[in-house]
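*Asks:* Single-letter residue listing:
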Amino acid sequence: MAAAESCIECDVAIVGAGFAGALIANELGKARKKVVVLEAGERVPPNINDYMKRFYMSPAKVPESPYTPEVFDAAGSLTDPSKVNAGRPTVLSLLPKGGFGDWTDPKQSYLIQKGPRPFASTYDRVAGGTQHWLGTCLRFVPADFKMKTNYPSVPQFVDWPIGYDDVNSWYGKAEEELGVSADVEEQKYLGIQFPANYRYPMPKIPSSLVDLAVADALKSLSADETKFLEMETPPTQIRVRNIPAARNSQPYKNRRACAGNTNCIPICPIQAKYDPTITLNDATSTGFVRILDRTVASDIVVGENGRVSQVNFISYAGPKTSGCVKAKIYVIAANGIETPRLLLMSKNGGRTANGVANGSDMVGRNLMDHPYYVAWGLTSTPVYPYRGPLITSGIGDLCDGPFRAKRGAFRVDIGNEGWNFVVNGDPNVTTLDFVNGMNKSKVNAGQEALFGKKLVDTLNDKFTHQFRVGFLVEQTPDLDNRVTLSEFRDGLGLPRPQISYDLSHYTRQGIVAAHRMKNLLFRKMGVNDFTGKVAKDEPSRFDELIDDAIVSLSYIGAGHIMGTCRMGAKKDNSVVNSFQQSWDHENLYVAGSSTFPTGATANPTLTIAALSLRTADKILREDLR
Amino acid sequence: MTDLPYSKPSSVAPGDKENESAGGFTRRRVLAGAAAATAAISVGAVDSPASAQTRRQDMVAFVLLSAALTGIAEGKLAPNFHPLPSPTNIDLEQSDPGSDPVGVKQEYFDWVNKRHQATFRRLLQFAKDSRNAADRAQAIIDKVQATPDTKYLARSIVSMWYLGAWYDPDHLRALVEHPSAAPAKFEVISPKAYTQGWALRVAQAHPMGFSEMQFGYWSRPPSARVDFIGN
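So the sequences go chain by chain: V and Y.
If you count the first sequence from 1, position 570 lands on 570 in the numbering used here, and the numbers rise without skipping.
If you count the second sequence from 1, position 192 lands on 192 in the numbering used here, and the numbers rise without skipping.
Since the hints were derived computationally from the structure, they do not count as laboratory data.
A couple of the hints might just be wrong.
Below, simulated DSS-like cross-link-like pairs (lysine-lysine); rule was C-alpha separation at most 27 angstroms, straight line [stated by the list, open to error]:
1) Y:Lys192 - V:Lys53
2) Y:Lys185 - V:Lys53
3) V:Lys30 - V:Lys533
4) Y:Lys185 - V:Lys453
5) Y:Lys192 - V:Lys453
6) V:Lys533 - Y:Lys114
7) V:Lys146 - V:Lys188
8) V:Lys173 - V:Lys253
9) Y:Lys114 - V:Lys53
10) V:Lys570 - V:Lys618
11) V:Lys320 - V:Lys34
12) V:Lys107 - Y:Lys185
13) V:Lys454 - Y:Lys185
14) V:Lys97 - Y:Lys185
15) V:Lys227 - V:Lys188
16) V:Lys97 - V:Lys114
17) V:Lys227 - V:Lys148
18) V:Lys97 - V:Lys107
19) V:Lys320 - V:Lys83
20) V:Lys347 - V:Lys114
21) V:Lys536 - Y:Lys185
22) V:Lys347 - V:Lys320
23) Y:Lys185 - V:Lys442
Please take these sequences and the hints and turn them into a complete structure.
*Replies:* Here is the structure:
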């Protein structure tokens with residue numbers, strides 16, 4: 001491998017071009033600071049046509065389907081991760097042991113999963129792999145920042161070194177940058193406050209008919225029925241609210257209003273949904289930001305003085321070459337798995353044998369997600385799914401309450417996409433059932449095979465009644481939920497991430513409460529429950545005693561990778577301070593949801609964006625004066 | 001968003017007499033046993049170039065066949081489709097198979113013709129023979145169901161229109177005769193085919209990732225089903 005003769009020099013070197021990396025690069029570029037961004041994935045293309053083509057042609061329209069590397073190889077197997085330069089997990093490698101997609105098979109799964117349960121979230125590698133996000137832009141509720149103080153009975157919880165008031169104004173700046181559509185009055189709940197006269201950049205995105213059906217059902221909740229939730233507040237407080245989203249409700253920053261393509265994940269065909277390629281474009285337009293794609297950071301070099309002196313990388317844009325970048329300030333903004341992987345890989349000839357920034361031994365620990373409990377059924381009257389953005393509303397009022405002393409909170413997502421992903425790919429599955437006399441969807445028990453008008457009548461009836469709901473459950477930070485380095489290598493010869501992962505009793509009890517809430521909601525709505533029985537070999541399966549019966553439950557990933565470089569108030573038990581600055585290396589920052597000490601129930605993106613803007617401000621004010 | 005299923009065109013292209021060799025060929029096929037026909041046709045179709053008129057008649061038959069099997073109106077599957085002189089008295093030569101700008105029907109026709117030509121010719125002949133039946137759709141469906149070959153290819157054709165994807169008839173038959181937990185195998189025919197899928201239009205919606213509607217439509221009830229599929 002050829003080596004560069006001299007390092008690239010700049011003011012700030014950033015590893016990762018996702019939300020955090022893009023936003024920080026843009027802020028610094030606007031301030032005329034020279035920035036180099038190292039991005040492991042492919043170049044951001046000039047338009048999304050190739051992504052759309054790949055999406056349309058993909059038989060499995062999974063979140064990764066529009067993007068590279070190809071999910072499948074030419075033989076139709078999952079691409080062997082040992083041959084991929086910048087690998088990434090896929091939901092197709094979370095399947096039972098022994099067959100296609102075996103979650104423990106290093107030949108199929110990029111992550112080396114040691115269990116006991118699968119870490120079920122995935123990520124991508126273009127623009128930080130964040131284009132397939134949903135667009136949800138929730139703020140945390142104030143209690144989310146003070147979990148130890150509020151719920152001292154839960155030993156895993158810690159407080160953030162900052163509170164809601166410290167990030168309130170940064171949330172506003174992030175909402176402006178991403179372009180969030182929401183209504184301020186509707187978003188004031190559980191203590192969320194806004195500055196006086198604050199307005200979201202755009203009006204809220206209207207509710208879907210599915211949302212209205214749920215809202216109607218909640219109106220008749222009684223105190224008795226909701227006792228299991230152990231709320232302090234009356235059940236009338238449980239209501240459907242629109243979810244703030246970085247989707248345009250009117251033209252904004254040269255992008256169109258949402259046309260309801262029902263495809264936010266994996267890709268918005270008209271870019272009405274914000275993604276970091278937009279900020280990356282702004283950043284490079286400043287003339288001060290340079291993005292090196294297909295460039296994988298492989299080593300963070302720390303000098304004798306404890307400061308980072310350079311970052312080494314491998315470029316695979318052409319023949320593989322090695323290179324380096326020297327800067328005054330370094331920001332590692334890969335993600336909750338790739339960031340600790342890089343820190344742990346950087347051993348500096350033994351001087352940082354446990355990895356860079358790891359004096360606390362917290363790098364890689366406390367890996368969190370929002371285990372996602374999903375249920376589905378058929379409604380009694382049509383709700384017309386497959387229309388509008390994937391999700392327009394949810395129930396946020398169950399995110400905090402006294403129950404959090406005992407079990408995880410949850411937030412409810414109301415799906416507008418029918419049974420699309422819960423039956424492994426509708427409309428195909430149900431259509432084929434009635435065309436070919438099968439019953440994979442479970443709604444064709446008579447295995448009828450239909451043509452003509454009967455087919456149309458039946459499919460219209462089934463599809464317009466499909467309903468899907470999801471519960472994002474709070475997960476405790478657990479020391480042994482951990483990213484370490486595996487002996488298995490990727491295509492560049494670098495160690496792949498190894499994951500140990502489990503759900504604590506507290507987290508599982510959150511899923512149990514979600515299951516009960518599902519039963520209540522379905523009863524109130526008159527939904528005929530079709531939630532599949534959890535297969536015996538389902539990797540995420542677990543059994544719980546609920547009302548004197550053993551119930552098998554399972555979860556999927558929310559895509560929210562958090563916690564592996566936690567921030568804190570003290571050097572000995574955290575990786576970074578509230579500005580996401582390493583305690584060990586003054587000129588090193590870690591940005592992104594890896595710094596979250598606790599995970600709450602809100603999707604992490606808006607908080608990532610707010611913290612990133614705060615970090616960029618700190619770098620400009622103090623480090624690069 | 002209503003497209004009338006039928007509307008009379010301002011002018012009708014003059015129809016030539018049906019190409020005798022091709023026409024005789026297709027009639028002969030129906031009379032022949034399935035196996036013999038398969039052998040004869042696969043040779044014949046390669047050897048005899050179909051005239052423009054034959055291709056046009058076959059396309060009219062394909063649209064009639066597809067509408068009967070899918071339950072979606074001819075004028076929706078093939079915009080500007082004009083059965084002439086009238087929808088109940090269809091002359092294959094006079095009728096216009098449509099001139100829609102998207103034109104996925106030709107792609108589908110060629111796709112099936114390339115893979116299962118013999119059985120496909122039989123299906124087209126069913127449509128031709130039943131074109132003026134009192135209940136055309138049911139007449140075609142009844143004929144199609146008579147043998148496994150025609151039945152499963154018909155199911156493949158329905159899946160193609162609904163999903164823009166190809167589920168091979170042999171695979172569909174295997175799925176029924178040897179049920180397994182494995183998911184059905186298919187390939188998406190083309191990006192265009194995916195965007196023209198009817199399954200979610202039957203659901204009064206749109207293919208995921210291909211909305212032709214405007215901001216906020218999802219907060220109101222959809223148009224009637226007939227506006228989407230003509231039935």
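*Asks:* Run every hint past the structure and note whether it holds.
*Replies:* Tested hints:
1. Y:Lys192 - V:Lys53: This hinted pair holds, its Cα atoms lying about 9 angstroms apart.
2. Y:Lys185 - V:Lys53: holds (20 angstroms)
3. V:Lys30 - V:Lys533: Violated, at roughly 54 angstroms.
4. Y:Lys185 - V:Lys453: Between Lys185 of chain Y and Lys453 of chain V the Cα gap is close to 26 angstroms, so the pair holds against 27 angstroms.
5. Y:Lys192 - V:Lys453: holds (25 angstroms)
6. V:Lys533 - Y:Lys114: violated (42 angstroms)
7. V:Lys146 - V:Lys188: holds (19 angstroms)
8. V:Lys173 - V:Lys253: holds (15 angstroms)
9. Y:Lys114 - V:Lys53: Holds: Lys114 of chain Y and Lys53 of chain V sit about 24 angstroms apart, inside 27 angstroms.
10. V:Lys570 - V:Lys618: Answer holds: Lys570 of chain V to Lys618 of chain V is near 19 angstroms, not above 27 angstroms.
11. V:Lys320 - V:Lys34: Holds, at about 25 angstroms.
12. V:Lys107 - Y:Lys185: holds (22 angstroms)
13. V:Lys454 - Y:Lys185: With Cα atoms ~25 angstroms apart, Lys454 of chain V and Lys185 of chain Y stay inside 27 angstroms; holds.
14. V:Lys97 - Y:Lys185: Distance ~21 angstroms between Lys97 of chain V and Lys185 of chain Y Cα, so the pair holds.
15. V:Lys227 - V:Lys188: This hinted pair holds, its Cα atoms lying about 24 angstroms apart.
16. V:Lys97 - V:Lys114: Holds - the C-alpha atoms of Lys114 of chain V and Lys97 of chain V are around 12 angstroms apart, at most 27 angstroms.
17. V:Lys227 - V:Lys148: Given pair Lys227 of chain V, Lys148 of chain V holds - Cα atoms ~25 angstroms apart, limit 27 angstroms.
18. V:Lys97 - V:Lys107: holds (12 angstroms)
19. V:Lys320 - V:Lys83: holds (14 angstroms)
20. V:Lys347 - V:Lys114: holds (23 angstroms)
21. V:Lys536 - Y:Lys185: At roughly 24 angstroms apart (the allowed maximum being 27 angstroms), Lys185 of chain Y and Lys536 of chain V satisfy the hint.
22. V:Lys347 - V:Lys320: holds (22 angstroms)
23. Y:Lys185 - V:Lys442: It holds: about 19 angstroms lies between the C-alpha atoms, which stays within 27 angstroms.
In the structure shown, a violation is registered for the earlier hints numbered 3, 6, in ascending order.
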